[in-house]
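Peer 1: Listed below, chain by chain, are the residues.
Number of protein chains: 2
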Amino acid sequence: MTDPKIYKPRAVTGFPEWLPEVRRIEQQWMDHIRKVFESYGFCSIETPSIEELDVLRAKGEVDKEIYVLERLHKDDNDKSDARLALHFDQTVPLARYVAQHFNELDFPFKRYQMQRVWRGERPQAGRFREFYQCDIDVIGVDNVPLHFDSELAAIMVDILRGLDIGPFQMQISNRKILIGLCEGLGISNIAPVTRAIDKIEKIGAEGTRQLLSEAHLPAQIIETLISFAQIKTENESFVEKVLALGVSSPTLAEGIAELASVMARLTHIERGYVVADLSIVRGLDYYTGTVYETKLLENRDFGSICSGGRYDDLAGSYINKHLPGVGISIGLSRLFDYMRINGKLGDLTRKSPTDILVCLPSDENRNAAAEVAKILRDRGLNVELYHSGQKIKKQMEYAVRKGIPFVWFPPFDVGQPHEVKNMKTGTQSTADPKTWMIGKNS
Amino acid sequence: MTDPKIYKPRAVTGFPEWLPEVRRIEQQWMDHIRKVFESYGFCSIETPSIEELDVLRAKGEVDKEIYVLERLHKDDNDKSDARLALHFDQTVPLARYVAQHFNELDFPFKRYQMQRVWRGERPQAGRFREFYQCDIDVIGVDNVPLHFDSELAAIMVDILRGLDIGPFQMQISNRKILIGLCEGLGISNIAPVTRAIDKIEKIGAEGTRQLLSEAHLPAQIIETLISFAQIKTENESFVEKVLALGVSSPTLAEGIAELASVMARLTHIERGYVVADLSIVRGLDYYTGTVYETKLLENRDFGSICSGGRYDDLAGSYINKHLPGVGISIGLSRLFDYMRINGKLGDLTRKSPTDILVCLPSDENRNAAAEVAKILRDRGLNVELYHSGQKIKKQMEYAVRKGIPFVWFPPFDVGQPHEVKNMKTGTQSTADPKTWMIGKNS
Numbered sequence: 001m002t003d004p005k006i007y008k009p010r011a012v013t014g015f016p017e018w019l020p021e022v023r024r025i026e027q028q029w030m031d032h033i034r035k036v037f038e039s040y041g042f043c044s045i046e047t048p049s050i051e052e053l054d055v056l057r058a059k060g061e062v063d064k065e066i067y068v069l070e071r072l073h074k075d076d077n078d079k080s081d082a083r084l085a086l087h088f089d090q091t092v093p094l095a096r097y098v099a100q101h102f103n104e105l106d107f108p109f110k111r112y113q114m115q116r117v118w119r120g121e122r123p124q125a126g127r128f129r130e131f132y133q134c135d136i137d138v139i140g141v142d143n144v145p146l147h148f149d150s151e152l153a154a155i156m157v158d159i160l161r162g163l164d165i166g167p168f169q170m171q172i173s174n175r176k177i178l179i180g181l182c183e184g185l186g187i188s189n190i191a192p193v194t195r196a197i198d199k200i201e202k203i204g205a206e207g208t209r210q211l212l213s214e215a216h217l218p219a220q221i222i223e224t225l226i227s228f229a230q231i232k233t234e235n236e237s238f239v240e241k242v243l244a245l246g247v248s249s250p251t252l253a254e255g256i257a258e259l260a261s262v263m264a265r266l267t268h269i270e271r272g273y274v275v276a277d278l279s280i281v282r283g284l285d286y287y288t289g290t291v292y293e294t295k296l297l298e299n300r301d302f303g304s305i306c307s308g309g310r311y312d313d314l315a316g317s318y319i320n321k322h323l324p325g326v327g328i329s330i331g332l333s334r335l336f337d338y339m340r341i342n343g344k345l346g347d348l349t350r351k352s353p354t355d356i357l358v359c360l361p362s363d364e365n366r367n368a369a370a371e372v373a374k375i376l377r378d379r380g381l382n383v384e385l386y387h388s389g390q391k392i393k394k395q396m397e398y399a400v401r402k403g404i405p406f407v408w409f410p411p412f413d414v415g416q417p418h419e420v421k422n423m424k425t426g427t428q429s430t431a432d433p434k435t436w437m438i439g440k441n442s
Numbered sequence: 001m002t003d004p005k006i007y008k009p010r011a012v013t014g015f016p017e018w019l020p021e022v023r024r025i026e027q028q029w030m031d032h033i034r035k036v037f038e039s040y041g042f043c044s045i046e047t048p049s050i051e052e053l054d055v056l057r058a059k060g061e062v063d064k065e066i067y068v069l070e071r072l073h074k075d076d077n078d079k080s081d082a083r084l085a086l087h088f089d090q091t092v093p094l095a096r097y098v099a100q101h102f103n104e105l106d107f108p109f110k111r112y113q114m115q116r117v118w119r120g121e122r123p124q125a126g127r128f129r130e131f132y133q134c135d136i137d138v139i140g141v142d143n144v145p146l147h148f149d150s151e152l153a154a155i156m157v158d159i160l161r162g163l164d165i166g167p168f169q170m171q172i173s174n175r176k177i178l179i180g181l182c183e184g185l186g187i188s189n190i191a192p193v194t195r196a197i198d199k200i201e202k203i204g205a206e207g208t209r210q211l212l213s214e215a216h217l218p219a220q221i222i223e224t225l226i227s228f229a230q231i232k233t234e235n236e237s238f239v240e241k242v243l244a245l246g247v248s249s250p251t252l253a254e255g256i257a258e259l260a261s262v263m264a265r266l267t268h269i270e271r272g273y274v275v276a277d278l279s280i281v282r283g284l285d286y287y288t289g290t291v292y293e294t295k296l297l298e299n300r301d302f303g304s305i306c307s308g309g310r311y312d313d314l315a316g317s318y319i320n321k322h323l324p325g326v327g328i329s330i331g332l333s334r335l336f337d338y339m340r341i342n343g344k345l346g347d348l349t350r351k352s353p354t355d356i357l358v359c360l361p362s363d364e365n366r367n368a369a370a371e372v373a374k375i376l377r378d379r380g381l382n383v384e385l386y387h388s389g390q391k392i393k394k395q396m397e398y399a400v401r402k403g404i405p406f407v408w409f410p411p412f413d414v415g416q417p418h419e420v421k422n423m424k425t426g427t428q429s430t431a432d433p434k435t436w437m438i439g440k441n442s
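Here the protein sequences line up with chains L and R, keeping their order. Residues in the first sequence are numbered from 1 upward in steps of one, following this note's numbering. Residues in the second sequence are numbered from 1 upward in steps of one, following this note's numbering.
Simulated from the structure, these hints should not be mistaken for laboratory data. All residues carry an ideal CB built from backbone N, CA and C; glycine is no exception. Check the hints yourself; a few may be wrong.
Unchecked claim - Simulated coverage check for chain L against chain R, where a stretch passes if three residues somewhere in it have a Cβ under 8 Å from a Cβ of chain R:
id, stretch
1, 65–72
2, 95–104
3, 159–166
What the hints assert, rightly or not - To spell it out: a stretch of chain L is covered by chain R in this simulated footprint if at least three of its residues, at any positions, have a beta carbon under 8 Å from a beta carbon of chain R; those stretches are:
id, stretch
4, 10–24
5, 192–206
6, 269–275
As the list claims (entries may be wrong) - Now the in silico label distances, taken between C-beta atoms and shown as ranges:
id, chain 1, residue 1, chain 2, residue 2, range
7, R, Ile6, L, Pro218, 39 to 47 Å
8, L, Val400, R, Pro411, 55 to 63 Å
9, L, Glu371, R, Arg300, 28 to 36 Å
10, L, Lys5, R, Ser213, 37 to 45 Å
11, L, Lys74, R, Lys344, 32 to 40 Å
12, R, Ser237, L, Asp106, 36 to 44 Å
13, L, Asn367, R, Pro411, 55 to 63 Å
Work out the full structure: start from the sequences and follow the hints.
Peer 2: Written out as structure tokens, the structure is:
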């Protein structure tokens, strides 16, 4: 009996969408993140989803898959368009934005950005091709005070603590420390050392020792590197431990001083949320100083949920200025989906933002009921007026189905009292729409 | 002296982006729109930006230009992907969403959606290729109460009144009225009549008369149609005027009754914001009952800023269910940009959300100043701590440049009072960070 013209839609892998009750929580997450960003005075910007392909590739070939665009009905003679593509992160667009609007912006430029990004991956389970990313960066002209390296960490801890994601820990290091250590140890080929140390949390000291020995390093140096990679302290005490390794170099000293300063300014954060962890190196060559990673303590294997660092030059591909910066990013959709799959999103019974359903005793009473709804709404509540004068039982069932917490009964007759029912407790009591509040007499 | 490797970015026509001070207002607009939608109990959904091309075309060829996607590094053997494209509106995705999740949704399904949409237009001034649209719809199974036709109008008036866009008027009609009138007049070819009447606001009665005579209609019928198209009333009094035309048909009677009912439920809205205007027909054949358009009274030629109507079947291309609905949409970016160009966005001096800049008397006082910033921030204020112990004059200049309304001076010495300066009035007074509020002693 199916209509042959029907095209039955299916979910396209990698492009998630949520039911209203899940979307409600996603909105709460995004509101919270935005609120914290703004509480530190960071401004919002948004950039187009689309950039010229040449802009995206100005730094060289991109290793991420890019979606390029074609107009469906483009005629062959139409050469008016540059080649366009969807952005794959918010860093390249930020760089382009800062370069393009350089003279109109104030520095240090403190911005956050919460948009969708796209990666043209091969479809596979658990890999998103469209997702939200929440980025915060500070860009300076010629320099960015170290102040911001600690401020960004504090902001992210504020955010994650408010998201109810369970215990987590932000690990901070400084690229100069490992680079300086290698200098001091006389190691010229740093790449394999970086890779091995980066893995110590996953593969353990023995695995890292194995990787380092494959790089043909002397046993004593390997042990120094292993000791180094295990340094993890809740305050500046990492400094002594590094000094105890007996290695020195100017870069090492600089990195230690920077990280110590960042940690010293984070002492107001409750213990355990932030650690200096010298095994953190971040994969990207991009970073030149402070680096951040953040793990869920109940599942470290999930990888970093919030990462970033300090970079030397944001926009050198687009403008002849020296614009260093520091930034951190949350891969929001990935973290949110993980919490969703693990049943940790909180209350999913509410399928709408409605606080109160105002019943319609009958179609004749519509104006009186509408007036009640308006009074409650003007007082800041989210109010649905039931759409037809059906039996009250039907109206109550609607409230139950949608998880609406309160149902309001306007009187059938003038002079009678209003009543309101708390759908959770079952309590029903008289109420005045002009004064009633959630949690008070309810 | 330009580095030859620099790729100088330029604005791509049709993809607008805003400076922080403009983006701040755009956020206020979107917050306001969302708040009103939710105050009536509508839930938010978002759909992926990307749909299968077959989904977008399930109703037949689309007259809008679609952007299709290609993976940049796709190898020719990879046939795993269906052909994907960016959505060009939010109605097709809503239809697909409702069909796909039909069993998990509650009806009437009341949702709003505020996302970017894309149209692969040829680049030209004033035409956006990426823009925000704000849609609100109610979808029913087999029927949607007329209640919602008036509720949506009330919602949109609430929204537009809050946006400070100057005087506007929503015009409401019902497609059945014109169709029924043509039936009653014995006109079988309705299309040219619709087109002519649709234009009366732009070209006047004489122009419409001209168009109708080109459709070879008798003079008397033309005059009836002209009289009809000029009917515009602030309440249900349009009914008498239509009846006075002396034409009747069952469809006409139905349309009149529906529109009269919608208007009767809008009497709580202040006069002038909503009118029954029988010249409104909407271009789309899609609509079957109520239709809405909204004009800026200071510039009617700008066209409708907020339009929609009632449709008979949302998702027939994707599911074997009868799902009628009613919806209205604001083309947010177009309206916002118009207000921007006309200098009507309000205060553009604030380049960040910061309420207060806390000065750093010196780098030694950093922890004390940070503590003040935290106290103010915990009380819900947006607070920047100045990033380095530069001269106070420099810090003040920063506040002026960014349009920060208040500057806080923590004491240099313990026991001294804090002071706060209102940057607008120039008043400076002592203050306690634990009790200070904007607008009170400030």
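Peer 1: If a hint holds in the structure, say so; if it does not, say that too.
Peer 2: Tested hints:
1. 65–72: Coverage by chain R holds for the stretch 65–72 of chain L (8 residues, Cβ < 8 Å).
2. 95–104: The restraint on the stretch 95–104 of chain L holds, since 6 of its residues have a Cβ under 8 Å from chain R and three suffice.
3. 159–166: Contact hint for the stretch 159–166 of chain L vs chain R: violated, 0 residues under 8 Å.
4. 10–24: As far as the stretch 10–24 of chain L goes, the hint holds, because 11 residues have Cβ atoms under 8 Å from chain R.
5. 192–206: Answer violated; 0 residues pass the 8 Å Cβ test.
6. 269–275: This one is violated; 0 residues, fewer than the three required, reach chain R with a Cβ under 8 Å.
7. Ile6(R) / Pro218(L): 39 to 47 Å: With a Cβ separation near 44 Å, Ile6(R) and Pro218(L) satisfy 39 to 47 Å, so the hint holds.
8. Val400(L) / Pro411(R): 55 to 63 Å: holds (58 Å)
9. Glu371(L) / Arg300(R): 28 to 36 Å: Given about 33 Å between the Cβ atoms, the range holds.
10. Lys5(L) / Ser213(R): 37 to 45 Å: holds (40 Å)
11. Lys74(L) / Lys344(R): 32 to 40 Å: holds (36 Å)
12. Ser237(R) / Asp106(L): 36 to 44 Å: violated (56 Å)
13. Asn367(L) / Pro411(R): 55 to 63 Å: holds (60 Å)
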